[in-house]
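Visitor: Using the hints, build the complex out of the two chains.
Heads up: the protein sequence lines correspond to chains A and B, in order. Counting in the numbering used here, the first sequence runs from 1 upward without gaps. Counting in the numbering used here, the second sequence runs from 278 upward without gaps.
Hint data in this document are derived by calculation from the structure and do not stem from the laboratory. Built from N, CA and C at the ideal position, the CB exists for glycine as well. A few of these clues could be false.
[What the hints assert, rightly or not] Think about it this way: if two alpha-carbon atoms lie no more than 35 Å apart in a straight line, the pair counts; the simulated DSBU-like pairs of lysine-lysine are: (1) A:K51 - B:K326; (2) A:K270 - A:K10; (3) A:K10 - A:K51; (4) A:K131 - A:K10; (5) A:K131 - A:K270; (6) A:K10 - B:K326.
[Said to hold, decoys possible] Label pairs and their calculated CB-CB ranges: (7) B:E345 - A:E46: 29 to 35 Å; (8) B:A306 - A:A19: 52 to 58 Å; (9) A:Y183 - B:E307: 23 to 29 Å; (10) A:Y183 - B:E479: 54 to 60 Å; (11) B:S362 - A:A222: 28 to 34 Å; (12) B:D457 - A:P110: 53 to 59 Å.
The lines below spell out each chain.
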Amino acid sequence: MVLTAGLSLKPQYFDAALACPAEGLWFEVHPENYMVAGGPRIAWLEAIRSKHAISLHGVALSLAADAEPDPAHLARLAALVRRVEPALVSEHLAWSAWRGAYHPDLLPFPRTSEALVRIVDNISRTQETLKRRIAIENPSHYLAIDGHERDEIDFLAEIARRTGCGLLLDVNNVYVSARNLGYSAEAYLDAFPAGLVMEIHLAGHTADPNLGAALLVDSHDAAVAPEVWALYERLIRRIGPRPTLIERDDNLPDFAALLAEREHADAVLKAPLERAA
Amino acid sequence: MHAPAPGALARFQDAFARALRAPEAAPSAELTELTAQPAFAVYRNTVMKGCIDALQANYPAVTRIVGEEWFRAAAAVYARETPPSDPTLLNYGADFADFLGRFDPAADLPYLPDVARLDRFWTEAHVAPDADRLDPATVAGLAPEALAGIVLVPHASARWAWFEDAPAYTIWSRNRGDGDPGTDMDWRPEGALVVRPRAAVEWAALDAAGCAFLDACAAGRALDEAARRALDADRQADLAAILATLLGAGAFSHARAVQDSQPAKEQP
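Only chain B is shown next, with the shape it has when bound in the complex (with noise of 0.2 Å):
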């Protein structure tokens, strides 16, 4: 944004911006005239809800898991910490799991920023450019000496993540939606797809292998050295069948030949 001129209506904004942000009980010092008036709490409600609501839309999840009342609380801390930036609150809360991992009173469900991890992936995935996923017959075709070879490039929608604490996308998955989060659940580690190959969202549940697989992937490793990496993970890795779900699941864009200086998407 560019600097505004030093005049009177950048001061006034400067102490407008000021006041909104000013706990409701502290007298602005300046103008006093305006703040003091109780229709000022107006504008202060009118922005702290707008902050919130953005962010109740972007972590559905989270929200489920602890209610509306709980999430708007933490949601107005986190509004008044960190105002959007954006007007395009879509992109707003981008590092809203860092603050639950921070936010005292969320310490007791230690799995919460990871599941707001998820629910940021579906933003992610849902904005994303268009772009065409790779057909299977494609990667399907290729002689076994060729295959070594390409790098196969991941969606633009494409993000996914390996969660070492705790069953997080089961956990995500069941809350995204209106159906029974249930309550019987495998403590274990796990991590997730969430990609946008066609028009919607989707998601899938992805093994540490997978997910080592992909991270090579987007690096611009080749195939091969893709396979290392998520023998590496996981020696007992069935490679074929991570290759066959990752290639179902729309996890990639197109292959491309190693030497191509294409520049690599790397994984945020």
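With the rest of the complex left out, here is chain A (with noise of 0.2 Å):
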């Protein structure tokens, strides 16, 4: 089956999503909200995989801090993997974990070329784990970090070189990072590695409640801006379809709501594919 354009799947949304007939339709959740021994969560996402696609998103694997991804948390990943067949097996780039304590975000770190080779090892420790290719996602920016060696699709793709490695392009993200730090979200899309994508986010974003529109978080608690919309239909006339995420983590609404943003991007997939025909 080709995917199309997929939700988060949070668990309000069990029975909605359980019973959705759209075709194409798959679903994204956080590998650390499964990592359970048994009981209900791990019941509902089976029942889900048996409907429809699902796609492991992590949060944790820290593949940015300079040490390897904890193997006990790894193991567990590699189990939900082989117990659940995702379609998609996804990561940040980005850090969270570091020396035993876990900071639930992700966190930035200069683009070094020592950065670079702790990250391929990482990357490459965690294919060879799960046997399988992952994506790495851009992350969203809101600080000016001295010491950058590679602008961030340099880097991106310079990973890939060496892992052999897919990316996930978080739109969103590019387009908060852009107005945050002050360059052209155009631009970046323009010049990102076609080839390499494997899955792109769409997600809403809010001013920052201080700084206002000077600041804006990448929040996944709000609809998709139609900034970002104009953004991923520019990338997509480029690159073609791609299986695509309409990511939300926060102030949850209805799933007939999540289901219209969904289904406004699977139309933005099948645009170029008429227009080919």
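Guide: Pasting the structure below:
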């Protein structure tokens, strides 16, 4: 089955998700929420999996930390991958676990050659353990960091070249980062290596409560913004259709509202195919 | 976790992690330019929100009793003391009940730590390994002489406790859902059993003798010894009723002969 547009899956949506007949619909979850010994959570996920494709989108491998991924965590992820046989597995170009503490966020770092070597090693280790190719996501940026030796696209492309991994292109992250750090989102997307994109993310953002529109926060708690839809259409016109996720983690609307956004993405994905036909 | 190499990346991450934990007003001696940017607060806030959201999700009855605002303030204090070590945030806050026990602003609610223990029991039962429940008919079918020598093995999801100081189970169960928490309450000690014998977590009141009986079963004692301990806890205990209640609640996964050297599960 070809994956079209998918949705973040939250427990509130299980019944509606299970029953939804939309063609090509798939669901993405954070694997950390399903690393349980047993019980209803994993049973729910397996029930959804019997009807729809699943993507595991990790937040905790901490690939950009200057340390190997926690072997126990990686083993739990591998067990979940074996259990649900996901269509896609992805992680972030970021760090979150460090010296035994887990920071529930995706933290930045200077893109140095030292970091590149470490991340390449961590991704290779992950792909060997999971016995599959994973996709790495471009994070949202808020801080101007000194010491970057490569720009982000160059860094991501070099990681992909050395590890064989693919990329997850989050269009909202590009928009938010471009606005926060003052560069062109269009230029970034136009330069992104099309052949490496395994998945696309779309999400909502909000203005920082203190700084307003000068600082956009990748909050995943609102509908996808019109500016992000425009960037997405521009991207799909250039690279063709890719599995696209409407990502929502907070301030959850009813399932029908998410499904309407999903249909918007689905229509964009079908447009270039129609033109080619 | 493996020790990181002593490079620039590790130094950056040490300094960044320290700055995340530092109080907002304190300027960072390292990463000065980075942490001086107002946007640094986004990371600080996201990390703290992630910890507090996880605790609130894991402790719904405590939240309902104290209100969201009080809970989130208390959770922030806890999160600064005890950041998560496991990215599976369902497991976060395992010792939150102990924290509430020594948290001065909670001193007026002495039953709150036990309510937190019951919320934690619910989470542990929710994620426990799947296991069959012992069919009461299996026990009913045993001859009396065989019965005395068997060990009833508590279900992998079963958690129980006796609360000496307050009706913590009644308070917890009335605040676990959306129902009316009520005001009428018989102020007496109580026990509780929380278990997931089927798909969903279930709970029941348990008397002192029932708790003592389950403690003995968990320690690998045979039924006759478990019965003696139940009577030690309460000389008036109705053993048949206790056994029927526990079997009906799905508190056991299976029965085994006492000589089997299968390791017994200790109650945490």
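Visitor: Among all the numbered hints in the text so far, which are the ones the structure does not match?
Guide: none
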